[in-house]
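For reference, the chains in residue letters:
Protein chains: 2
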Amino acid sequence: MKAWKLWMALTATVLAVGCAQIPNNTDGTIVLQDQGSFAIGGSTVTHDGIFSREHFLAPDGQTAYGDHAYVFYQIPVNAKAYPLIFQHGGAQSKRTWESTPDGRDGFANIFLKAGYSVYLIDQPRTGEAGLSTVPEDNHPFSANPMYADKAYHELCRLGIFPKLFEGSAFPKGDAALEAFQRSWTPYNGPLDNDVNAAALGALFDKVGDGVLITHSMGGTIGWRTPFVTDHIKAIVALEPGGAPFIFPKGEMPKALPCIYPVLGATAVEVPLESFMKLTQIPIVMIYGDNIYKSNSAVGPDKWQTELDMAYKFADCINRHGGQAEVIHLPDIGIVGNSHFLMSETNNQEIAQVISNWLNEHGL
Amino acid sequence: MKAWKLWMALTATVLAVGCAQIPNNTDGTIVLQDQGSFAIGGSTVTHDGIFSREHFLAPDGQTAYGDHAYVFYQIPVNAKAYPLIFQHGGAQSKRTWESTPDGRDGFANIFLKAGYSVYLIDQPRTGEAGLSTVPEDNHPFSANPMYADKAYHELCRLGIFPKLFEGSAFPKGDAALEAFQRSWTPYNGPLDNDVNAAALGALFDKVGDGVLITHSMGGTIGWRTPFVTDHIKAIVALEPGGAPFIFPKGEMPKALPCIYPVLGATAVEVPLESFMKLTQIPIVMIYGDNIYKSNSAVGPDKWQTELDMAYKFADCINRHGGQAEVIHLPDIGIVGNSHFLMSETNNQEIAQVISNWLNEHGL
Chain A
1 MKAWKLWMAL TATVLAVGCA QIPNNTDGTI VLQDQGSFAI GGSTVTHDGI FSREHFLAPD
61 GQTAYGDHAY VFYQIPVNAK AYPLIFQHGG AQSKRTWEST PDGRDGFANI FLKAGYSVYL
121 IDQPRTGEAG LSTVPEDNHP FSANPMYADK AYHELCRLGI FPKLFEGSAF PKGDAALEAF
181 QRSWTPYNGP LDNDVNAAAL GALFDKVGDG VLITHSMGGT IGWRTPFVTD HIKAIVALEP
241 GGAPFIFPKG EMPKALPCIY PVLGATAVEV PLESFMKLTQ IPIVMIYGDN IYKSNSAVGP
301 DKWQTELDMA YKFADCINRH GGQAEVIHLP DIGIVGNSHF LMSETNNQEI AQVISNWLNE
361 HGL
Chain B
364 MKAWKLWMAL TATVLAVGCA QIPNNTDGTI VLQDQGSFAI GGSTVTHDGI FSREHFLAPD
424 GQTAYGDHAY VFYQIPVNAK AYPLIFQHGG AQSKRTWEST PDGRDGFANI FLKAGYSVYL
484 IDQPRTGEAG LSTVPEDNHP FSANPMYADK AYHELCRLGI FPKLFEGSAF PKGDAALEAF
544 QRSWTPYNGP LDNDVNAAAL GALFDKVGDG VLITHSMGGT IGWRTPFVTD HIKAIVALEP
604 GGAPFIFPKG EMPKALPCIY PVLGATAVEV PLESFMKLTQ IPIVMIYGDN IYKSNSAVGP
664 DKWQTELDMA YKFADCINRH GGQAEVIHLP DIGIVGNSHF LMSETNNQEI AQVISNWLNE
724 HGL
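Residue numbers (my numbering), protein chains in the order written: chain A, 1 to 363; chain B, 364 to 726.
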């Protein structure tokens, strides 16, 4: 055997042994013990008046259900101890975690094949959980038609519209870009992070101990869900931002300035007692590439303030005795990633970073 | 062996041999070759003006994507030749076909275990396909909060609110009733059956030959999808109604009268050439129980006119050379079913009726 072949074989062996993502069978299929869906959490509101069959379409005396999350779950055979519960970001749904824009396995399939039970939610008032007990407000993410293709492309750091950044890991071609644009879905009611956290907490209470994985604006839902449930064993936050980080009263840091002030990272104060919940579990925040580009594109401008705030947030958790960290992917040699790092051509590599982190923390 | 035990054993053998619904493995698990999701069909609309980064949230010069369907698919190993493509009804989503209100297997799992590939859609402008190129209208199913619990309970023939009909096959208990009420999701744009049929047709064109299964208001989408694709091999329509049946020009029948005129069955004329598409494939319409109750409840009142129209529709198809039939479940000894017959305690039995019909037609 030539030296380079020996080296390749050894490397393959090391990778295979070191790799935690062993599919739950060897032929690429998925073997499920069970799958299904349900609604969790929520509330009701009843309209004044008396119901009559003559006017059965009138609201009088009828009750509206809403504010629940929709949950789709899949349990593989021989599932690992802790399920992964996935919270999507703004104007997204559980689609975030399913097939990539070019039709490959997303994080749901990748982690399922690695033996994790997965729970995908549509947060309250969106997707298949569209019922709300409160009427829509004028949130930009409830607008329909949603004229935002250029904003999404740039805010999500795909590149400068209509191009991708040089070296982008996003799937190439018009079909993938169209799939990305069609992946959004509007809100059917006001965005209320406490309502969302209540439903997510109810899910953890039903399922038991598990790991929370959030994306983007879902991050802030994740930070406050430990206030309402003790079943979160760890949080993996993918590019948290676009919604407030939390800090104890009196410890609020300043956000870095940015070109477009509306894009600056935000934070809110919470009681120290609540904040301390975040010091009880390991937390990792993972950010992609093209954040520090010095140009006037809205994406890099926004995400340099968010990443800076993430470091300050981690510092604050750790100074109170917690164990939070930030992984900026280019720092560990993983480059080209946009805000949708779970959708990209190197998403298996990023899943491996998460898997390794979970293993390191015994999860 | 006692005589009755021998009879039981023989019966079990006959049932096992005669039963088409053999799970794709013997331990109740589901073995998937593949699963994933994508958007299909749709259109775009571009706003006047010029996009500027300074006002990246403004619609100017930006394009809105919408009117696509969301599709979640699962392919079992050794899948049967023809996939089942499921079109939900009004204010529903693919949840219709997932877990029942009491958490048992819905039609998606049942048919997957029987070896069928399943494709579940959220129709355009709802659920996870909430983007619309046209603003919302005032359709009752886009109202949020949706004050309609009593209307839904009665229209869907669960019973007289808050009770179930005597002998109802609907899952018992408050938790199941709450799950039913939380299964709805509002429209994010105008209901447009041609837009919906276009997306569904695009799905058939992508997937190839398959069987369409519709529910309720999804029926009318099903009747017009053969206008735009030649890949529908059969239609199984579960309680079509609440949206127009179609008839050739000049052959429109009268609907039966009903107590609440707004509930009367409806029909629209289409060119004979279009209608003839429905004569090229086998079609079955399946209706549940409690349709002919002579009381003032809105559900029985509505569904007696719909079932009557279904018979007239089948007659019209057959008189033009087609092969359509109506199965009124009580006529074959299956009783207690509401409008959501896929969700009920006897849903395995109803799936068997469908499975038998598919087998009889070589599908």
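Hints are computed from structural coordinates only; laboratory data are not their basis.
Treat the hints loosely; a few may be bogus.
[As the list claims (entries may be wrong)] Distance condition first, Cα-Cα at most 27 Å in a straight line; then the derived BS3-like pairs of lysine-lysine:
#, chain 1, residue 1, chain 2, residue 2
1, B, 476, B, 612
2, A, 172, B, 526
3, A, 293, A, 312
4, B, 443, A, 113
5, A, 113, B, 612
6, B, 656, B, 443
7, B, 535, A, 206
8, B, 656, A, 80
9, B, 612, B, 569
10, B, 656, B, 640
11, B, 526, B, 656
Violating hint indices (sorted, rising): 1, 2, 5, 6, 8, 9 and 10
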